[in-house]
Structure formats: C-alpha cells, structure tokens
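Participant: The chain contents come next:
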Amino acid sequence: MPKQQDIKKVLVIGSGPIVIGQAAEFDYSGTQACKALKEEGMEVVLINNNPATIMTDKTFADEIYFEPLTVEYAEQIIKQEKPDGLLATVGGQTGLNLAMDLDEADILKKYNVRLLGTDIHSIQKAEDRDAFRSLMHELNEPVPESEIVFSVHDALVFAEETGYPVIVRPAFTLGGFGGGIAKTKQDLSTLVKQGLSASPIKQCLIEKSIAGYKEIEYEVMRDENGTCITVCNMENVDPVGVHTGDSVVVAPSQTLTDDEYQSLRKASLTIINALEIVGGCNIQFALHPHNSEYYLIEVNPRVSRSSALASKATGYPIAKIAAKLALGYNLHELKNPVTGTTFASFEPALDYVAVKMPRWPFDKFHQADRKLGTQMKATGEVMALERNMASAFQKAIRSLELKTNGMYLKELTSVEEDVLYELAAEADDRRFFVVLELLRRGVSTDKIHEITKITPYFLSVFNQMVQLDQTLTKLSLETIEEPQLQLAKKFGFSDQYLSGIWSVSKQQVRSKREELNIVPSYKMVDTCAAEFEAKTTYFYSSWTGESDKKPAEKKKVAVVGSGPIRIGQGVEFDYCCVHSALALNKMGREAILINNNPETVSTDYEVSDSLYFEPLTFEDIYHVLQFEGISEVILQFGGQTSINLAKELEEAGIQVLGSPADTVDQMEDRDRFYQFLDKISIPKLAGFTAHNEEETKKFAEKLGLPVLVRPSYVIGGSGMKVFNSYRELAAFLQNELVSYPILIDTFLQGIEAEVDVLTDGEEIFIPGIFEHIEGTGVHSGDSLTVTPPQTLSNRIQDQLIALSKKIAVNMKYKGLFNIQFAIKDEDVYVIEVNPRASRTAPIMSKITNVNLVQKATELLLGTPLSQLKLEQEHNGQPFITVKAPVYSTIKLPGVSPVLCPMMTSTGEAIGTDIDYTEALVKALKGSTLQLNNLWKFKGTIFAEGEAAKTEAKNWSQLGYSIVTKEDMPFEVWLKSDEKIAYMNFEAETDSSKAKHVVLERIHVWSRQETAQSFLQAALHIKNKRKEVLI
Amino acid sequence: MKGCITLTNGNSFAGEWLGDNQYSAGEVVFYTGMTGYEQVLTDPSYQGQIVVFSYPFIGNYGFQPESMESAKIQVSGVIMAECFPFQLEGDRHSLVAYLNEKQIPALTNVDTRALIQQIRKEGSVPAVMHTESITADSFQLEECWPRTAVKKAGTGDMHIVLIDFGYKKSIVNSLVNEGCSVTVVPFDTEMSDIEKLNPDGFVFSNGAGDPMRFSSYFHRYKNIATRYPVLGICLGHQILALAFGGETMKLKFGHRGANHPVMNVKTGKVSMSSQNHSYVVKKESLKSTGFNIWFENVNDKSVEGLVHSQYEISSVQFHPEAAPGPQEHAQIFQDFIKTVQHKEKVRSYA
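If you're matching them up, the sequences are chains E and S in order.
Each residue of the first sequence is one higher than the one before, starting from 1 at the first, in full-length UniProt numbering.
Each residue of the second sequence is one higher than the one before, starting from 1 at the first, in full-length UniProt numbering.
One or more of the hints may lead you astray.
[What the hints assert, rightly or not] Per label pair, the in silico range of CB-to-CB distance: (1) G163(E) with A71(S): 30 to 40 Å; (2) E293(E) with E101(S): 28 to 38 Å; (3) R92(S) with Q467(E): 14 to 24 Å; (4) E89(S) with K697(E): 39 to 49 Å; (5) E142(S) with Q467(E): 37 to 47 Å; (6) G163(E) with L251(S): 50 to 60 Å; (7) G163(E) with E101(S): 41 to 51 Å; (8) H290(E) with L251(S): 18 to 28 Å; (9) L251(S) with A552(E): 52 to 62 Å; (10) E89(S) with G442(E): 19 to 29 Å.
Bear in mind the hints are in silico, worked out from the structure with no lab data behind them.
From a predicted model like this one, the values you see are computed outputs, not experimental measurements.
We put the beta carbon where it would ideally sit given N, CA and C, even for glycine.
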C-alpha cells in the first residue's frame, strides 16, 4: 500500500509547448504519470498549455489548466484546487524549474502542498553544478576538472590553466542550450557570453573536454526504502562531444565488458542513493575507450528523453513506476506490468538491440548551422528493434524518412572525398551517413576511427553492411540464391533497395521472396529475454526464427503513425493516432498500431491491442498487415507520412478507410485539385504547375506579382516562398536547387482561416473556425490564431461552411479533413484541402468537447454522421481560444525567425478565456517563456523600416525605448543589455539581422499583426497592474 | 558447416557450426545477462553444461584471459544467435578464435529465443550438439567432479580456507581484496589436513550439479561449520543447508543471469544479484536446522540466503563476487570477515 495515505489530489506539471530538447517524451511521461495516479484513486489536476498533447485530455486528468507555466498562474491554480501533492518530475526541465520557483516563493508551504517523489534539496543538489561537484568529490566519483564561472574573464583564466578545448555548460537550461565546445580563446568568450545570458542564474560551468571518450548512460530508479535498479544502459555511437539527444544511441551497451558495465552501474547506484532520488534518474558517463577510467558527465533527477527511450527499448514503464514510487510504493511491491508475474524491482534483460537515431530539421533549413555539439538540435527521433545489428541500423535509417537510397544519403554520393573527411571530423547531422559513404568508397575502418573516434566495433558493423551491399550489387534477381537473399533480408536490405540495384520492380523482389518463403517473424518485447511468460502486445520484426505471437482471429484495423517529430509534423498527429486506436477499441475492433517514434504515447504498448515498432514504409507495414491478417488500415491520422502510403497499400489490396489514394492524389496534385474546384465551382486563386525555369517565369508574368512558389507534396510548407519581384524569382530559380514540377500561384493579400471538417461523405460537421491573426503568407502553423473568429462576418463564416460542405460531398472521403481559406474583403478562396487530420484537430477537440478523431474513426467504420450526436456534445465554444506558435530558433543558429509560408515553429501554446485579450495574454505569455521577459515594461526595441518605426511609437508609451539605426548601429544595440525586441516588417528578403537577434532570446516581430497583438497584450497587462495599484 | 542442438524430447534447433569438434553433450541451460560471456564460459559451475546466451550479440568486446573465472572454458558447448567474427582492438582475442583454439563446440545463427522458450517449458534437460545423426543413448550424461590441487593466494593475516566444489577465481579475489590469505582445498580434504592449515574461517564455494552428490562429506562440513565462521556461496550454500538436515530440490530451469532481485528479509531492501543455479534449498525443510532465511527471491520467493541462529554461518544462493553481474553485495564478504575477526578476538581473550 502507498505510504502517503493523506494524498488524495495531485497537481501534475506538464512540460509546456514543444521545443528542441523538450518534446513529445514528456507527453509520454506525463500521460503515464497521470494514468498511474488515477490508478491509485488520486484526483489529478494538470497544468500544461500545450494543446497538442494526449496528457491534456480529460481521459487522463480530472482538471486541466491550459495556463502559462509560471509561478503567477500556478499559484492561482493551487489556491483554487488545493492539491495535497505536487508531481514535478515528469514535466521535463520546465516542470522542475517551476517546482523550484514555487518552493522558493514559499507557495508550496503556504498552501500546504507536498512535493512528491524526489526532495527539492536533492533536485537542487543534482541541478546546481557546484553542489553536485562537491557531492561527487565526497563520494569519490570522478568528475572532469571544471569551474563555475559568472564572467568571461574567469572562464578564460580556467582555460589558460587546463588548456583547450573546454566545454561550456550553462546552468539550468534545456537540452544543453547555450553551451558548446571552445577550441580557442575567441570561441570561449563567445560561448560564455551566450551561456551566461541563457542561464536563468547567470552561471556557466567550464569543463575540461573529454571529447572522444565513449558516452554511456544509465537509467536508474530508486524507491523510498533505498532499493535501486538500473532499467537499462545505453551507448552513444557518437563519442563524447555530441549531445546525447543528437547522438546515434544503442541500448544496451555493445562494447562494454562486464567489468565496465558493472562499475558504471555501481557508480550510478552510489549516486542515486546519495542524492536520495525517489523515482527515475538519468546518469551520463564518459568512459575511456581503453583503460576503463570514467568520468561523470551529468545527472538528471527526473524522467527524461532518455528514460522514454529506455522505456520503449526495454518495455519497462519508467514514468509510470516513478509516479507510483512518488506516492510511497516500493519497487518490490509493484508488479512488472509487462510480465504480470515478476515485480518492478528487477532489471530488464534484452534479447535484441534498440537503435535510436535523431531527426534534425536541416533537410528543410539548408542555411542553418548544422554542426553538432553540446547543444541539442534534433527535433525528434526514431527507434528500431532487431535481433541483427545491421538490420537495426537499416530500420532506423528507413524510419528517418530522409532522401536515402538504402543506407546511403543521396546528397553525399557526389561529395568530394576530402569534404567527406571534413564532415566526418566535425560532426554535423550527416555524420552517420558520411561514415557509410566513406566505407562505400573503400576507406578503412581504422582510418575512420582515427578521424571520428567511433568505437571500431560499430565501424565494423557498418562495414559489414557495406560489404554485403557490394556483394549484392554484383548479383541480380535471377542469379541470387536463397541463402544470399535470406542474408540480405536478415541484414535489413529493403525490397525497394534491392529492386533498385537489380533494376527490377519491388513487386518482383517480393514475389521471389514469397516464393522462397522469406518473410519476417515478429518477436515480443518482454523485459526478460523469454525467461518468463509475458503478456505484452509489443512486437518488432526480425528475419530469423519463429514468431512469438499467434494473431487472433478478430476484427482488426491498423492505424499507421506519423514517425519522428519534425517541424510541421509534430505531437498532434500522435494525439490523433492514439485516439483513433482508443476509438477502434471502443467499437469492438482490435487496434494495431504501427509507429517508430520512441518518445510518444502512441508507442506505449498499453494504448493499442498490439504495437508494432517498425519503419513506416510500404514494405514494413505490409508485412505487419499480412502477419496479422488485416485488410483495413487508417492513414488519415498519421500526417503526411502515413497518407503518402495510401497508393501502394491500395495496390497491394489493402483498403484504406476513408481516404482512398485517388482522393489523396486529387487533393494534392495541383492540376487535379484545380480541376476539382472548377468542376464544383469553388473560387480558387489562379495558379499553375511549372515543369521548368522558363515555364515558371512565364506563368509568373501571367499571374502578376506577388506570386507564391512551392513544391508539391510537402510537410509544413517546406520550400514555400513569396516573391514580390521578377528579379528575385529569377535569382531564386537560378541559384537554388529547385526540383520540378513546382507550383506557382497568385499570392493574395488577405486573411486566412481554416476549418476541420467531419464528414461521412454526405453530411458534415464543423466544430469551429480558426481565424489567423497574421494575414496570408504566413504558414498556418506559425501564425497566431483565434477561435471563434473575431473579425470574420457571419456571412463569411456561413460561406466557409457552405464551401466546406460542397467540397466534402463532392470528394470521395470519410473522416476528418482540413480546409484552408484565404479571404479578401467579402470573397472567399480555397487555398488547400488536406485530406487528413491537421494540427488544429486536438485543439478544436479540447475546446469544443467533441473528440474529432474518435468521431472520425466511427465514421470510418461506417457510422453515419447523423448518429454521432455531435450537436449535443458540442459545448457551443463558451471561451475564446488563442493559439500562439513556439519556436526553437534560439537553438538553431542560421534559421530565420521571420514569418513566411514555410513553417518554423516546433510547438504551440494556447490561452483560453471569456475575454479575447485575456486569452491572448495567456497565449503570448505562455509561448514566450524561453525569451527575455517582455512584460516588465522596460528595455529597448529596435525598429527597422518605415512601418516598424511607426508601429514602434505605440510601444514607447508603455515604457520601452525605441531604437533605430539612426540612433545606434544595429551591432551596438545587439551588444547592449537592454535589448528586448526587434521589429522589422520587411525582413523576408533579408533576414540576416533577425537570425542574429533571435539567438539572444529577443522577441522578433516580422509582421505588423504580430507586433500589434503583443502590444494589445502588453497594454492589457499594464492597465491591469494599474488597477491593482489604485 | 550446419549443425544443430537436439533436446531429449527430440526437438532440434539448427545453426552454423563453429570449430572442428563436431559433437558435444550436456545439460542445456540459458543465461540472460547482457554482458559477461567471458566469466560465464569459464565459471566451473557451468562445467559440462551447454549454455545458451539469450543476448543475441556475443563476442562484441572479445575475450580477455584476465576476465576468466578459472583456468579454462568449462562449458561443453555454446549456443548463440550471433557471434562477432572480427578482429578487435588491442590485444583482445576474438571469441570465435578462442573457442576454436580451445576446441569448444559452438553454434551460431540459432533461434535462441525459441530454444529458451523450449527450455522454459521442458526444463534444463540433457541435450546434444551435433553435425550428424545421433542415437537415443547420447543423452546419457557423464557426471563431472571438480578436481583441484591445493592453492594459495593473498598475504593477509586472516586465513580463510576455501572448500572447492568448482570455485570461481573472483571469490578468492574478493577475499584477498578484503585482506585475507586464502587456501583453496579440494572438497574431500581430510579434517586433520584442514586443521593443520590453522584456518580462521571457511568459505564453501560454488560448483556444478546436484549438491547431494557430496552427501558422504556432510558430517565433515557440519563439523567445520559448528566450529568456525563459514560463508557458503551457491552450491556451498546448498551444501550447508543439507549438512544441517535441510533439503534441496531442482528448479525447472534454474536462475542464470544478472538481474535476479533478492530481498534482505530483515531490512526489506531489494538488490540485484548474479545467479547461476538449478537447485534451491526447500524453505519448509529448514525448521529443525537452526537456519533462518536471510534473503528471498522477489519473483518466485525461493530461498536466496540463510543465517544460522546458533553458529556463525551465513550463506547465499547468489554470487556476491559478481563476475559477471551486479556488484552490489561486496558487503557480504566484509561482514563475513568482521565475524571472523570478532571470533578470533573472542578466542584470543578466552
């Protein structure tokens, strides 16, 4: 029984909007924690302003507050809800920081709220570098030579003594933000300055560099009684020097001897015991590659990205167990939910390997600084499970959805060898592929080891893959014999790749395989290497041996997930997939989920009847469907990733529920889409499909300026651009790598709005309309939006609904889809129809009480819309909701923060209130917590361009000073301490200043509408404060 | 070359044969630890057994002689899913080459997961590794006995005699590290010869097989245990229980791995232990032995450790010396040494 009997109501802090370094993994940990608390009969109150998450659903918490994660708002909630306990260790660094702030402000004491799990002093001891270092000295655990500095000068003095390179780690920041490796004095000054400004306590740790050591992590758990276990250890393929979030990682470790494994394990236990952690904890080590000496790098006294990965890699639900430990349970009192027979106090034994690979946004942001270091840059990750090492890597590669040909990255095949050497030495996001490319060109593993310090074991695995590839290339489909084909599949070569090297069709490779009965088997993730009977429904494919599962003869439907989190395809699609699976279950179907993202709720095996951890390619999915005997699949909830599979799956005889491939094509192929709109007389903007440079120019002249140019079939507006002059367009076409055909449209200056539509093909239901606050030309994911609309007339709104109905009844579609409109004066145009759930679906579901995805799933299974009781469930939108985008541009040097048709934001926050301005205040406060505090009514705003200068005048009345280049050169202003915001409404063509500014945590307003919204919020806050004073 | 492993029930699992020696028989057992193959292969407790590794990637860090638990590879055969075939850094041998050199038969590319599931159902049964057809009498296994000569280690004042039933080097090392000198004696050494060594305490070592094989010596072991501080490990623990009138039984497929949770029943603390055994002490047989339960297995509640109410005897079913496995139980050696020191003091003042 839990010891803390007096805890009845618990406040859980979520991690807020998704940013690099704090992503979907905290939706997973938060959801698990909420579930665990509810299992124990607790009333769960949740604060989290990220609407795209599963955890902010009534299914998992009793009361949900979409409020900014600040002391001010948290106190209000505590006052109102009077919780007995606070769980702060599942909401990432944001959750921990807020808990520490609440403690410091004595709010926990004031309202008698007990912090559950790890004690606040332990958290401080682990988080404060100085306290941590002294504890390690006490324990005799080695830490790299280091010093805490508060100034650039102190940092330089330290480096003079120890020698370069040194690592800069700012205190209390997410994903190592603001840090890096300095090789010179110059580097060091820059980094320390940046680091001090990033650290909320203006403190940095300067550390002797141990780059080149093996980086090893342990996931450790401890209960109040002092029982400790290590759930899993992990080995980074990239040696120390690259942030673990940016490293290729395998679990368990592969190259550690038992002695090394156990000595690090022992150290982990010593540390977690000394810190008296109650719950989960992540410990990172640097291990000397030869003499087994080690250093401690970092301790995270909470669940983390790594613990989510460890949970998925082993099947052990760390966050769920951690929540129960926080309530006072001991590990040996909790059953291991995987086996159902053994207890939580044991360490998983794996009989497979898990490979994690990061997903970076650089396929989209070519101009960004791609170098990897101590600051994380990946937006998401994929994981692959296999009983063959090479195949595990190949599966992970396929899961990334990059432009690869088998294991090779296409863009590298034409790169000069010396450039490859440089790329291997100074890691950027392509390094893994650079290594493979070098091996392909015959460079020895020894030489690559010398350059990269990657452990020879991994290099020889990669080399084995390359060697086999070269053998296979010399064969053909006719000449290959059964054992060789079996070996190729065992090593993870896809039918698609093999068909390419043998110049045959994929279908031919598949037929030959099927003739020879070479098909994958499916193994269970059981935490115990088959020692005990297990009940989990969590599987992965392998090309050897028998299957563990005997599929049931039930009615089943597969839901295909959305893969790694990318800009433009985020956690919202995971939300959708989870709800679709839940709905299938309610309707008596077995839900089979296929996905490869280890961070998310959808890959929690408890969500679906069976979870398959697989790459989202046709072949991998088709095998699962064949194995399970499934003929129906749902693709419309997994974003662009899954709907792109519609055609091939249909060709293989699978029925795609609701969104047939032909409809997907009709909506996404420009010419067909325009024909469709014309046929049903729906107004559209003029546009063409251009097949070459000449055609593009010709069409541009036909349309007149401005024009919008974009590629077909994209995620998040990748590659979209607006041109205001023919000269710019010509330059773009000449200088950029443009892959034709491209789409060229009239660019209409107006307002944008969007709707999510439920349809059974005859009737429609629209729960609400989103109005974009910025005008056209800003990607919908990046614009401030409001619902219900604040400026659209009733006539326009009726028109939007009428057009939606017309589209729905005329396209062959069932379920949920999204329409984007452009409005100029009283005219409404359809910009695009997304034949899938969209980013706004979770928000709309939460604020209207209509679970759009679950309803859509019912429609997909044949229930008529009229039977869904939609009108009765809809709450009539009693509140106004504002959505604000959240950016990670401060972590991505070189990425422009200037609003444009290409999406840049990584997350979103909402604010909800009966008053529009109040909702706006909440949304803007909640979405800008990572930036300098704007709401103190002081600081300087740099205004550039006439429009900005005029707009800026409004701000001076609020206490801000306005600076223009006439007052002070931009560079001088940038160095000043008072800088708070940068305003330039003409920055789209030249964003170089904006790119600089954003790295300093400064607000960048590139659209007048954005600046005005912030102004409206600021005025409101200021007036409210006055009222309080009076 | 193709080969396979066949169990008594006739089920066969095919694989790729490594090495020249084309036949081997032994009891088939599985090990679930993810590291530590060097120690497992050389642990005398595995003498005569065919070991299946559940972890599919064996040999990734090669084979280093200093990691050996005895002078040779003890198992009669090795079954793996994959064995890393390449040259390794530095002076590490490749495991494949080492197994070949020592003529230890091995199979790779085996569906080890299915094989383990089979062992889970059938129990640890006799099995044969072969490349040609076999006859039914192949499953008659020969019994193996530990054979050691007297050995000395360490220079400490405290003198511990280790009764050898097939000891692991790490047990000796653990004692030496605690400041003891250790003399290893064969399990059948006469009492008078042992007394001549002037021991301060005894450790009953681990070993292979059924502890009842040693029943003719139980009176001698009991005599020692009533007069000196004794620590029993694994087989040694079982033998001590038997010597005082307890009973043992064979588990269906034993515990072999690095993740077995044991609870100290006095403190309620749970720790991870390294284990390798088929036999356990029967809880209900302890009534009149004077032994109390010290540790218990969290999963199947079996006896994992005993302390005697009257004599200075403690014993554990698991391996406090680790190697391979979690290094969480060094305290057991330290406490044992303390007991020995205390006893000695009592004696010198008596």
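Participant: Taking the hints in turn, state whether each one holds.
Facilitator: Hints and how they fare:
1. Checked against the given bound of 30 to 40 Å, the beta carbons of G163(E) and A71(S), roughly 46 Å apart, lie outside it.
2. The hint said 28 to 38 Å for the Cβ distance between E293(E) and E101(S), and at roughly 31 Å that hint holds.
3. Distance hint check: the CB atoms of R92(S) and Q467(E) are about 22 Å apart, consistent with the given range 14 to 24 Å.
4. At roughly 59 Å, the beta-carbon separation of E89(S) and K697(E) lies outside the given 39 to 49 Å, and the hint is violated.
5. Range check, E142(S) to Q467(E): about 43 Å between beta-carbon atoms, so the 37 to 47 Å window is met.
6. As the Cβ distance of G163(E) to L251(S) is approximately 58 Å, the hint placing it in 50 to 60 Å holds.
7. For G163(E) and E101(S), the Cβ-Cβ distance of about 45 Å falls inside the hinted range of 41 to 51 Å, so the restraint holds.
8. Taking 18 to 28 Å as the suggested C-beta distance range, the pair H290(E) and L251(S) does not conform, at roughly 41 Å.
9. Separated by about 32 Å at the C-beta atoms, L251(S) and A552(E) break the suggested range of 52 to 62 Å.
10. Judged by the Cβ atoms, the range 19 to 29 Å given for E89(S) and G442(E) holds: they are separated by roughly 21 Å.
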